[in-house]
Amino acid sequence: MSTDLHRLGPWTRELAAVLSTGLVAVPLYLLFVLSLKDQAEMTRQPLALPTAPVWSNYSRAYAEALLGDAFMSSVAVVLLSLIFIVLAGSLGAYVLVRRGSRLSNAIFFVVVAGMVIPFQLGMIPLYQAMAKAELVGSIWSLVVFYSGVQMPFTVFLYAGFIRAMPLAFEEAARMDGASGWQVFRLVVFPMLRPITITVVVLNGVFIWNDFLTPLLYLSGSESQTIPVAVYAFVGQYATDWGLVFAGLVLAAIPVLTAYLFLQRHLIAGFAGGIKG
Amino acid sequence: MTMSSPVTAEAPVPTRWPARSPRKPSGGASWWFVLPALLAYAAVVLLPSAGGAVFAFTDWNGLAPELAFIGGANFERAFRDPQVRSALAVTAVFALAITVLQNIIGLALALLLNTSIRSRNWLRTLLFAPVVVTPVIVAYLWKYLLSSNGAVNQVATALGAGEGAVNWLGDPRMAVVSVVIVTVWQTMGVAMVIYLAGLQNIPEELYEAADMDGASSWTKFRLISFPLLAPAVTINVVLSTVNGLKLFDQVFVLTSGGPGYATETLSTLVYKTSFIVGEFGYATAIALAMTVFVAAVSMGLMAWLKGREAHVH
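Here the protein sequences come in this chain order: A and B. Residue numbering for the first sequence follows the working numbering, beginning at 1 and increasing consecutively. Residue numbering for the second sequence follows the working numbering, beginning at 1 and increasing consecutively.
None of these hints come from the bench; they were simulated from the model. The beta carbon of each residue, even a glycine, is placed where N, CA and C say it ideally should be. Do not take every clue at face value.
Pairs of lysine-lysine, DSSO-like flavour, derived with a Cα cap of 30 Å [claimed, not checked]: (1) B:Lys306 / B:Lys272; (2) A:Lys132 / B:Lys306; (3) B:Lys246 / B:Lys306; (4) A:Lys132 / B:Lys272.
Over the 12 Å line for every Cβ pair with chain A, so calculated as not near, a few chain B residues [unchecked claim]: (5) Gly52; (6) Ala53; (7) Phe69; (8) Gly71; (9) Phe75; (10) Phe79; (11) Arg85; (12) Leu88; (13) Ala92; (14) Val100; (15) Gly170; (16) Pro172; (17) Val182; (18) Asp249; (19) Pro259.
Whenever a hint applies, use it, and build me the whole structure from the sequences.
The structure is reproduced here in structure tokens:
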């Protein structure tokens, strides 16, 4: 573990550590502390611990922001999208890599080229099509959206992994008379586990946090995801910051909890999965 | 728009030809398997984008049943439109500032975490945490912290910065600075973990050899770490540039493009032009120009940085 900063004294390094901790920890500390203050204390003493914690901010925020419903919508959108993304993405990448023909290479290129198309270009025609199919206002619009829009990145990740995978296992299974589907389900897919974790982590975080598309498709409907519910809630109670902050804390708890349990996978996914 | 998912389609098993040419083994992978992915991609990305590219040449307002092809008129208008020019400049400033700061801070944090300080494990956990928190939540948190009597100004006053400290979100210049601060605060963890992974791939022997030659920390960084981090630099710079060029959530929540048009980006402009003003044809023309711009910048950067990688090795 000896590197560039090694020669700086231990004191310098610990000081840098404390400073960078403060950089992240202080805003997060304020998020929690402010959620327990009333309006008067908030402006008078924003930094100190609350003298009389206003716990009712939490029960009110939970009810007013409809966060329970939003949580269920977000979970449904993320799970349904991930199931399709993982199955279709791994199957698609598997065929495109193992075919190895000029046609499959061309299709692969067309799919992966989708990574540089900003979704704003197709945003309006897609919205029209979704409205025509009467999907606007339902979480299915988002499941369809993420299934398509995350496919290039997902196929790209799976294809890179499959290219480095030995053929021997698949050939052996085929010799034993397994069908193409059986080879994939019983041999290939289990071997894809590490990259599947990366795919789930990166797509899951992106879908959970995405704002603009759910705003377009779900705004004002019964089934808003958490970012849209937070946006609507803050718009309504913009001056009551204590209440707003309680809502923000509640909305952040699911993702922060998941982070604490899955941080190794999350960090590994971001560090490794993103590179091209 | 509904999607079928024929994932259960059985592939025809070549019973009589047990093995194809071993050079191109398809492993029994049937073309059917690729259909769900292709259908979803075509329905959500390819066809709508092609549609968007066509609408860009019309005067469609999103409601009228008829639309007229007006050739390149939308593009001519966009090139002259001061709002588009301003959004382009603002977007470029954001992308540049975010890329530079995110990489410098991310690299500094990675160097810190790559030392033997005792706290490095939980420090990494903490520093990466903002990455996973919903940008809308982070933006609202900062919107209060940066408000006129918010925490940042109160601290500044307490430290003696004088009364009526900075008007972070109301002043056109400072609003740009604020959006950059909030975005970098949220995303610096991504750069950090990519640089950290790069640093941990550098063989220890190189540093030991340098130590024997009595190299200073700065020399080791300049001659060993930084050159060998070239692939991580490529990923980080391209990633943060593309994200900066597409910036939406932070702007939308913090300033909604204001004050005036000081923080209006191409993304927020396309959104407003289409869904608030209702000029769908014109908005898709701006979106198409933006697509070409983002693709050109990211490919150009990629080519340049890849060339640089080969050069520094």
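Going down the list of hints, with the structure as the test:
no. : hint                : result
1   : B:Lys306 / B:Lys272 : violated (37 Å)
2   : A:Lys132 / B:Lys306 : violated (45 Å)
3   : B:Lys246 / B:Lys306 : holds (23 Å)
4   : A:Lys132 / B:Lys272 : holds (22 Å)
5   : Gly52               : violated (4 Å)
6   : Ala53               : violated (7 Å)
7   : Phe69               : holds (16 Å)
8   : Gly71               : holds (19 Å)
9   : Phe75               : holds (14 Å)
10  : Phe79               : holds (18 Å)
11  : Arg85               : holds (18 Å)
12  : Leu88               : holds (14 Å)
13  : Ala92               : holds (15 Å)
14  : Val100              : holds (17 Å)
15  : Gly170              : holds (15 Å)
16  : Pro172              : holds (22 Å)
17  : Val182              : violated (10 Å)
18  : Asp249              : violated (5 Å)
19  : Pro259              : holds (17 Å)
The earlier numbered hints that this structure contradicts are 1, 2, 5, 6, 17, 18.
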